[in-house]
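Q: Please work from the sequences and hints to get the whole structure.
Residue numbers for the sequence shown follow numbering that gives the first Met the number 0, beginning at 0 and rising by one.
What you were told as hints is all true, and nothing was included just to trick you.
Simulated crosslink set (SDA-like; lysine to any residue; CA at most 25 Å straight-line):
{"id": "1", "residue 1": "59", "residue 2": "10"}
{"id": "2", "residue 1": "127", "residue 2": "139"}
{"id": "3", "residue 1": "1", "residue 2": "162"}
No wet-lab data here; the hints were simulated from the structure.
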Amino acid sequence: MKLADLNAASREAFTAALGPVFEHSPWIASEAWAARPFSSGEAVFQAMEAAIASADDAAKLALIRAHPDLAGKAARAGTLTEHSRSEQQGAGLDRLSEEEFERFHRLNAAYRERFGFPFIVAVRNHTKGSILEAFERRLGNDQATEIHEALRNIGAIGRFRLLDLLRG
Numbered sequence: 000m001k002l003a004d005l006n007a008a009s010r011e012a013f014t015a016a017l018g019p020v021f022e023h024s025p026w027i028a029s030e031a032w033a034a035r036p037f038s039s040g041e042a043v044f045q046a047m048e049a050a051i052a053s054a055d056d057a058a059k060l061a062l063i064r065a066h067p068d069l070a071g072k073a074a075r076a077g078t079l080t081e082h083s084r085s086e087q088q089g090a091g092l093d094r095l096s097e098e099e100f101e102r103f104h105r106l107n108a109a110y111r112e113r114f115g116f117p118f119i120v121a122v123r124n125h126t127k128g129s130i131l132e133a134f135e136r137r138l139g140n141d142q143a144t145e146i147h148e149a150l151r152n153i154g155a156i157g158r159f160r161l162l163d164l165l166r167g
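A: Structural data, given as structure tokens:
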């Protein structure tokens, strides 16, 4: 995908091309379209982040909840989006021992019970061990801190995905 093509695209084509950048949330690309023309990939990303920032709390929570559990049921069933599958594989989450899988399962359940949404971390920045450490540490946070952390990590994930698309 070239920047010139994005700048010339209709809202529908732009949304189709960039909708997958944020998990099951094409509304972000649709909102960002209005900020064209873009001078760089970073400008596209900033427009997408602005769309998230201007969204109401319900939309932000829906964005967070659109993400799968790490090494969860969707991963085992093979129903992750292509981006999520690749990212989780890159962190080794597709090669967990039964003990590691059980630990992820327990942490996912505890986190969802405490916060009402999945634990989100930009796994490209992590190993299995550092993900588990972050899981344990962040379980001690309050709700507002975790919403902020989830959205910050979603931004990092989105930046990686967008730059991958623009590089082709």
